Amino acid sequence: MRAMALRSPGTPLVLEERPDPVPGPGEIRLRVEACGVCRTDLHVVDGELPHPKLPLVPGHEIVGIVDAMGGDVDGLAIGDRVGVPWLGHTCGHCRYCEEGRENLCDDPLFTGYTRDGGFATHTIADPAYAFPLDRDADPVAIAPLLCAGLIGWRSLVAAGPGGRIGIYGFGAAAHIIAQVCRWQGREVYAFTRPGDAAAQDFARSLGAVWAGGSDAAPPEPLDAAIIFAPVGSLVPAALKVIRKGGRVVCGGIHMSDIPGFPYRLLWEERQIVSVANLTRRDGGDFLRIAPQAGVRTETKRYPLEAANEALADLREGRLQGAAVLVP
Numbered sequence: 001m002r003a004m005a006l007r008s009p010g011t012p013l014v015l016e017e018r019p020d021p022v023p024g025p026g027e028i029r030l031r032v033e034a035c036g037v038c039r040t041d042l043h044v045v046d047g048e049l050p051h052p053k054l055p056l057v058p059g060h061e062i063v064g065i066v067d068a069m070g071g072d073v074d075g076l077a078i079g080d081r082v083g084v085p086w087l088g089h090t091c092g093h094c095r096y097c098e099e100g101r102e103n104l105c106d107d108p109l110f111t112g113y114t115r116d117g118g119f120a121t122h123t124i125a126d127p128a129y130a131f132p133l134d135r136d137a138d139p140v141a142i143a144p145l146l147c148a149g150l151i152g153w154r155s156l157v158a159a160g161p162g163g164r165i166g167i168y169g170f171g172a173a174a175h176i177i178a179q180v181c182r183w184q185g186r187e188v189y190a191f192t193r194p195g196d197a198a199a200q201d202f203a204r205s206l207g208a209v210w211a212g213g214s215d216a217a218p219p220e221p222l223d224a225a226i227i228f229a230p231v232g233s234l235v236p237a238a239l240k241v242i243r244k245g246g247r248v249v250c251g252g253i254h255m256s257d258i259p260g261f262p263y264r265l266l267w268e269e270r271q272i273v274s275v276a277n278l279t280r281r282d283g284g285d286f287l288r289i290a291p292q293a294g295v296r297t298e299t300k301r302y303p304l305e306a307a308n309e310a311l312a313d314l315r316e317g318r319l320q321g322a323a324v325l326v327p
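Counting along the sequence shown from 1, when you hit position 136 you're at 136 in the UniProt record's numbering, and nothing is skipped either side.
For the record, the hints were derived by calculation from the structure and aren't laboratory data. Owing to the predicted nature of the structure, the values given are computational and were not obtained by experimental measurement. Please note that a few of the clues may not be correct.
Dumping the calculated DMTMM-like pairs for lysine to aspartate or glutamate here, alpha-carbon to alpha-carbon at most 25 Å [claimed, not checked]:
#1 Lys53 x Asp74
#2 Lys53 x Asp80
#3 Lys244 x Glu187
#4 Lys240 x Asp196
#5 Lys300 x Glu220
#6 Lys300 x Asp126
#7 Lys53 x Asp126
#8 Lys300 x Asp196
Just need the whole structure built from these sequences, with the hints factored in.
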């Protein structure tokens, strides 16, 4: 197998030739068809998330075909297509797992962070955390749904039922969840880097009723705002534009420090909440909803060997939609 491996945080990935992995009991092996490149991958590669498995194969938006299975695997067969997300395994017995909040498990494994992921031709996965996928669909189009879509969905649920939704950072997650918002009959207000006319036009093409810089104010107060950009100063900015009783949802796994702000921005029962990881129920719910909503992903394909280029394009904001590696 071939893999793009991280040997030390802050350094480029290195192409490696490795023996094909062998699935153990309760494991499956996938022939990777496509793997999305997520901002979380950047946080791992750039050293902003601590203690990754090293050496590490990043990537947690995996679409692949089951080509080998260990013992004690039920419900899957050789040749099935599945998707593997960020949450790769949970303990099943901590208080959070027992409460149905496995996204907060005390002893989890995360794909492409604490276990090898999909920047490779093959990978090993826990079948309990692999979602069945349509064999006839385009694997490149599906891949961004497995994190950008899932965390976008969890963020939207956390935002509540309000009709006017602001989205800060119009990248992979935003371009997916904006389509769901429009299908649900909500209005989308897109906030981009100031002066980024291309991103604002992209947002409008997906149905946003307003698009402007993150330093701008929308024409009316919003019911909720979701922040996908990892910029802490956007939290008080979002509080300024939501109505009384509104909610700001921080949708990323990493964010720069939130600066101090006047209490009056939070008063009148405004809320700041975060989302962490996902649950398998999130995956099942969203993967049923996405085709109903007619979600179409905007993708740019890269060969496996160009993983560093894809990461650089994401880091520098040169992408509309999502980058996807195709081994």
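The hints, checked one at a time:
1. For the suggested pair Lys53 and Asp74, the alpha carbons sit about 28 Å apart, so the restraint of at most 25 Å is broken.
2. Taking the CA atoms of Lys53 and Asp80, the gap is near 28 Å; set against the 25 Å cutoff, the hint is violated.
3. Straight-line distance between C-alpha atoms of Lys244 and Glu187 comes to about 18 Å, which keeps the hinted pair within the 25 Å bound.
4. Of the supplied pair hints, the one linking Lys240 and Asp196 holds, its CA atoms being roughly 21 Å apart against a limit of 25 Å.
5. Between Lys300 and Glu220 the CA atoms are separated by roughly 34 Å; this puts the pair beyond 25 Å, and the hint is violated.
6. The hinted pair formed by Lys300 and Asp126 fails the criterion: a straight-line CA distance of about 28 Å is larger than 25 Å.
7. The hinted pair formed by Lys53 and Asp126 meets the criterion: a straight-line CA distance of about 17 Å does not exceed 25 Å.
8. About 19 Å separates the Cα atoms of Lys300 and Asp196, which keeps this hinted pair within 25 Å; it holds.
Comparing the model with each earlier hint shows violations of hints 1, 2, 5 and 6; every other hint is respected.
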